[in-house]
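Novice: Given next are the chains, with one letter for each unit.
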Amino acid sequence: MKFTEEHEWLLDESGVITVGITEHAAEQLGDIVFVELPDAGTEVSKDEEVVVIESVKAASDILAPIDGEIVEVNEAIVDNPAMVNDDPQGEAWFFKMKASDPSQMDDLMDEAGYKDFIG
Amino acid sequence: MAGLHKTPLYDLHVELGAKMVPFAGYDMPVQYPAGIMAEHRQTRELAGLFDVSHMGQVKLHGAGAAAAFEALIPMDVAGLAEGRQRYGFFTNDVGGIEDDLMFANRGDHLFVVVNAACKDADIARMKAALEPEVQVEPVTDRALLALQGPAAERALAALDPRAAEMRFMDVANLHLLGVECWVSRSGYTGEDGYEISVPERLAEQLARHLLEQDDVLPIGLGARDSLRLEAGLCLYGQDIDAASTPVEAGLVWAIQTTRRSGGARAGGFPGAERILGQMADGADSKRVGLRPEGRAPMREGVPLFAEAKGGAVVGRITSGSFGPTVGGPVAMGYLPNKFAEPGTRVFGELRGKRLPLTVSALPFVAAGFKR
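Line by line, the protein sequences give chains A and B.
Under this note's numbering, the residues of the first sequence are numbered 162 to 280, in order.
Under this note's numbering, the residues of the second sequence are numbered 55 to 425, in order.
Only chain A is shown next, with the shape it has when bound in the complex (with noise of 0.2 Å):
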């Protein structure tokens, strides 16, 4: 699992790409009661705001981690925004992409430099 400084992650499997927020992130948050996901088949850039996740008090935009496509979204987690709090590195994963350029992933960093930058 990859880390970004946006507190994402991500998961390489045989080259498609789950995403997610950290517990870190998710904790942070707070209770979240929104969750808007992009349609699969959009072309995103990093760094382009991709999700918009609302807790109580505010919202926050997700940015893509890495250029590519997106693959498939977690419609689960649109209909049940709290499996966000509850289950963020696992069941709550935000949407599943293809890397145009994989070798982006390269830059982001593994858990234990994840764990160093959150402090």
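Please keep in mind that the hints were generated in silico from the structure rather than gathered at the bench.
Here the structure is a predicted model, which means the values were calculated and not measured.
Any given hint might turn out to be false.
The following residues of chain A were derived to be distant from chain B, with all beta-carbon distances above 12 Å [stated by the list, open to error]: (1) 174; (2) 179; (3) 189; (4) 196; (5) 210; (6) 216; (7) 218; (8) 224; (9) 260; (10) 264; (11) 273; (12) 274.
DSSO-like cross-link-like pairs, simulated, lysine-lysine; straight-line CA separation at most 30 Å [unchecked claim]: (13) B:407 / A:207; (14) B:424 / B:363; (15) B:424 / B:113; (16) A:207 / A:259; (17) A:276 / B:73; (18) B:407 / A:259; (19) B:60 / B:113; (20) A:257 / B:407; (21) A:207 / A:276; (22) B:340 / B:363; (23) A:276 / A:259; (24) B:60 / B:181.
Glycine included, every Cβ here is placed at the ideal spot set by N, Cα and C.
Given the coordinates of chain A, work out where chain B should sit on it, guided by the hints.
Specialist: Showing chain B alone in chain A's frame:
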């Protein structure tokens, strides 16, 4: 954070794992580990304890205090019975609202509670207008706790059974843990409950004692905001301000008939001409409840339109969030009268998209007061 005031319960908040945020110059708990949703539900279903010590507590002494205070607020102060409290607001010369407040007749003085962000200005306003005939005494050695929810009566009556005898908006001195506390049966959640002014050196002990009860959990400012929004209660600085009049804000109910046109003490407060004029002729816009039709919360500042496409901004959301008891987003805002009827559909612009909302009666959640 440097430069922020701490309430007498600061150490307790930190010990309880609160997330602290700056609010009106104070370092305040926005939520505890349970989270805003759970804290909100706890208050609706059982009881929650809030630290509202940042708010301003002021005593007005002097034989003419009630009559003098009526020159600052459009409420019937002189007619308020001893042991009773009223909601009120300071008005300005153009009929806008300078702050909202609670005031109580305590026999030999009036006890006033004002918002934290406005308290310095409020105290200055009262001193300038009322002294020297009336003495304005800020109370700075007391904390203020709010105990709210259907189990609040049981929790407080365990410390002093007279708590159960109080009705909504009664005030009394209760002996809690051997200490005289100034208690009102009121709050800012739409639930039954109490606000308790306690000497600061005993505040933590009282808070711990209340929190030891199974039905009582600590609640932060996050849930305080979602609770008051569902209850249709205004937040000063968002839903009401110096540019909104009581008529536009839907707060005419707080102006007793004796201060209205034709009343025994009609007018005589700042902005009376405009406010009484609007009461006779109507205002152009009013505060309304709004229910976004989708799941997305629409928050303070979202512009409102009459049409799904095109047209000018007709209004704006002043408070909006997710309502945990409602189970969906809720909001308040101002709309011209012709769009303000419950059931009217309007559109809010969110992230470049116009999303529908329905004008809705307030409150969103029925009040649980013990009248």
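Novice: Each hint: holds or not?
Specialist: Status of the hints after comparison with the structure:
| no. | hint | result |
| --- | --- | --- |
| 1 | 174 | 30 Å, holds |
| 2 | 179 | 24 Å, holds |
| 3 | 189 | 9 Å, violated |
| 4 | 196 | 9 Å, violated |
| 5 | 210 | 9 Å, violated |
| 6 | 216 | 8 Å, violated |
| 7 | 218 | 6 Å, violated |
| 8 | 224 | 15 Å, holds |
| 9 | 260 | 26 Å, holds |
| 10 | 264 | 32 Å, holds |
| 11 | 273 | 27 Å, holds |
| 12 | 274 | 26 Å, holds |
| 13 | B:407 / A:207 | 23 Å, holds |
| 14 | B:424 / B:363 | 46 Å, violated |
| 15 | B:424 / B:113 | 26 Å, holds |
| 16 | A:207 / A:259 | 12 Å, holds |
| 17 | A:276 / B:73 | 21 Å, holds |
| 18 | B:407 / A:259 | 28 Å, holds |
| 19 | B:60 / B:113 | 22 Å, holds |
| 20 | A:257 / B:407 | 25 Å, holds |
| 21 | A:207 / A:276 | 22 Å, holds |
| 22 | B:340 / B:363 | 23 Å, holds |
| 23 | A:276 / A:259 | 26 Å, holds |
| 24 | B:60 / B:181 | 25 Å, holds |
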